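Chemist: Sequence:
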Amino acid sequence: MNGFLSMQAELGMVAAIIIMLLADLILKRPNHKPLQALAVVLTLALTVLCLTEPAGEAFGGMYANTSIASAVKAILTAGTLLVFTLAGRWLEREDTSHKAGEFYTLTLSTLFGMYLMVSSGSFLTFYIGLETASIPMACLVALDKWRHHSAEAGAKFVLSSMFSSALMLYGVSMIYGTSGTAYFTDAAAMLTGTPLQIAAMVFFFAGLGFKISLVPFHAWTPDTYQGAPTPVTGYLSVVSKGAAAFALTAIMMKVFAQMVENWSLMLGIVIVVTITVANLFAVLQKDMKRFMAYSSISQAGYLVLGTLADSGQGIASLVYYLAVYVVANLAIFGIIGIVEQQTGRTDRDAYNGFYRTNPHLTFIMTLALFSLGGIPPFAGFFSKFFVFASAFHAGHWLVVFLALVNTIISLYYYLLVVKAMFITPTESPAPAFRSPALARTGLIICLAGILVLGICSGVYDWLTGLSMQ
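Just so we're aligned, residue 1 is where the sequence shown starts under full-length UniProt numbering, counting upward by one.
In case anyone wonders, no lab produced these hints; they're calculated from the structure. Please note: incorrect hints may appear among the correct ones.
Calculated lysine-lysine pairs in the BS3-like style (CA-CA distance at most 25 Å, straight line) [said to hold, decoys possible]: (1) Lys145 to Lys286; (2) Lys33 to Lys145; (3) Lys33 to Lys99; (4) Lys286 to Lys99; (5) Lys99 to Lys145.
Quick list of simulated restraints, FRET-style, between CB atoms [stated by the list, open to error]: (6) Gly458 to Thr52: 14 to 20 Å; (7) Leu169 to Leu402: 30 to 36 Å; (8) Leu25 to Leu451: 37 to 43 Å; (9) Ile18 to Ile135: 14 to 20 Å; (10) Tyr412 to Ile18: 46 to 52 Å.
These numbers were taken from a predicted model, which means no experiment stands behind them. Note that CB positions come from ideal geometry on N, CA and C, so glycine has one too.
All chains, full assembly: derive it from the sequences and hints.
Modeler: Here it is as structure tokens:
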């Protein structure tokens with residue numbers, strides 16, 4: 001019974017999924033507004049449930065929840081809540097209104113899988129969570145199958161997921177073969193760095209590298225982000241990526257603790273290459289969703305910098321970075337989605353002169369871009385500072401230096417969007433429009449997060465305390 005009490009977030013999620021299914025069945029005709037309100041209330045309740053979830057184990061240690069894992073679940077759920085508030089205008093369309101129930105149910109199903117990934121105590125639980133998150137995600141990516149390139153994006157996501165899962169399972173089979181166990185704590189004592197175990201670690205890392213979109217495992221990301229519905233793209237860029245990044249960090253530190261010299265070198269090289277390649281390609285993009293795809297690849301490199309620290313400070317900096325990244329990135333995707341539904345365009349030229357007709361949206365998007373670029377005093381500056389500090393303290397000063405240089409490059413392409421909104425002349429800017437009430441609420445929450453998370457040092461201190469438990 002005590003084991004089940006430690007799974008209160010997962011049990012709450014199962015109940016939320018059942019409630020959404022029943023609500024969708026009960027409604028006599030498609031109407032996204034009551035479903036959206038219900039989804040927002042359920043995710044809000046789940047966020048509170050995650051924050052109060054106790055640490056503990058279940059199923060003989062296959063499920064192992066920690067205080068910092070509960071905080072990550074709360075951040076992921078809050079990100080899902082923001083996605084739900086920003087999806088209303090897309091679900092108002094005639095060709096998507098009847099899919100609202102499917103959208104909310106599938107999204108909650110993926111989140112359930114991420115809960116299992118974050119709190120897994122064995123490779124079996126982790127893999128079940130990974131597939132539970134990936135399969136409904138493929139359906140979400142292809143939800144707009146009759147418009148744009150959604151079906152193509154879904155196919156590419158499925159194929160990349162199959163390949164990455166196969167790679168990861170190959171690595172897990174080697175780990176099981178050399179250690180005789182799939183439990184994290186037991187395997188850690190058996191993995192000493194033999195050639196076969198190093199190969200297993202590389203295969204496992206490559207499999208998760210696809211999920212996080214680290215270079216060279218990133219090729220699927222731009223096409224999938226561009227073809228998927230914009231709310232799904234936003235969800236994929238922060239919630240899915242955040243869960244995989246935290247899981248990678250936890251497993252590297254727990255299972256491969258005796259091989260830290262091997263994986264830290266590999267990870268350092270991947271981080272530098274990821275940030276550099278993504279920045280160079282982001283400069284060339286004209287479509288905003290592809291632009292944000294390469295931005296998210298670059299941000300993934302910064303996100304896993306905390307892994308290099310191999311300490312509680314590193315985990316705290318990663319989780320803090322994730323929280324800031326969620327609010328900043330979803331603010332941008334929320335505005336991209338609103339503009340797309342109003343104008344039918346996602347190219348950067350659609351934002352020329354945007355401040356003249358939509359000053360409030362321009363203001364929020366500018367601050368979000370500044371935060372992603374790491375400009376003080378916004379939260380993104382502090383999140384980058386903490387991951388840089390954690391990696392520097394662990395002795396990875398060269399990786400930190402190269403990442404810092406790349407931050408300057410990223411400022412250039414983020415400012416290209418700001419330039420389009422404020423400076424680039426146009427005779428026909430996007431028309432003035434008013435967003436739905438829930439969308440405005442979601443954007444205000446994102447703006448508050450961008451401004452407050454950096455100022456309130458207590459958030460990072462709280463995460464540091466949780467990571468040390």
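Chemist: Now tell me, hint by hint, if it's right for this structure.
Modeler: Status of each hint after checking the structure:
1. Lys145 to Lys286: holds, 23 Å
2. Lys33 to Lys145: Roughly 22 Å between the alpha carbons, so the hint for Lys33 and Lys145 holds.
3. Lys33 to Lys99: holds, 12 Å
4. Lys286 to Lys99: violated, 30 Å
5. Lys99 to Lys145: It holds: about 12 Å lies between the C-alpha atoms, which stays within 25 Å.
6. Gly458 to Thr52: 14 to 20 Å: holds, 18 Å
7. Leu169 to Leu402: 30 to 36 Å: Holds, at about 33 Å.
8. Leu25 to Leu451: 37 to 43 Å: At 41 Å between Cβs, range holds.
9. Ile18 to Ile135: 14 to 20 Å: At roughly 18 Å between Cβ atoms, Ile135 and Ile18 fall inside 14 to 20 Å, so the hint holds.
10. Tyr412 to Ile18: 46 to 52 Å: Taking Cβ atoms as reference, Tyr412 and Ile18 lie about 48 Å apart, which means the hint holds.
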